[in-house]
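Undergrad: Sequence:
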Amino acid sequence: AVLNCAPAGSHDCRSKYTARGINYFALDGCEDVPGYDLFGLHLDDAVAFIRAETSGVKSSGRVLVHCYAGSNRSATFAIAYLLLTTHEPLERLLARCFSLR
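Following the numbering used here, the numbering of the sequence shown begins with 17 at its first residue and continues without gaps.
Because the hints were derived from the structure by calculation, they are not lab data.
Beta carbons are placed, not taken as given, at the ideal position from N, Cα and C, and that holds for glycine.
Any given hint could be a false lead.
[To be verified] Now the in silico label distances, taken between C-beta atoms and shown as ranges:
#1 77 to 104: 14 to 24 Å
#2 32 to 111: 16 to 26 Å
#3 67 to 33: 14 to 24 Å
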């Protein structure tokens, strides 16, 4: 599955993924600008999609979370999901993510 955190209108590849049977969800209007309420506007949708795609009977258990540059939004949502579902300390999750990058 693919969770797209890129801003609206930038590289929406929905048809390329769905043609291959890959579930795709875009967070509409997701911006990376100071003051933008990223979590308030998108966290619930992102977590719901990731949870559904990793726990379903027919799911692969994997979700690619991506944004335009791959440095802020995608990592933020991936770590937020892990914080909410694993309850591991932030420092441990950050270290794990950095080691896998």
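Undergrad: Hints first: check each against the structure and report whether it holds.
TA: Here's how the hints hold up against the structure:
{"no.": "1", "hint": "77 to 104: 14 to 24 Å", "verdict": "holds (18 Å)"}
{"no.": "2", "hint": "32 to 111: 16 to 26 Å", "verdict": "violated (33 Å)"}
{"no.": "3", "hint": "67 to 33: 14 to 24 Å", "verdict": "holds (19 Å)"}
Checked against the numbered hints above, the structure breaks only hint 2 and satisfies the rest.
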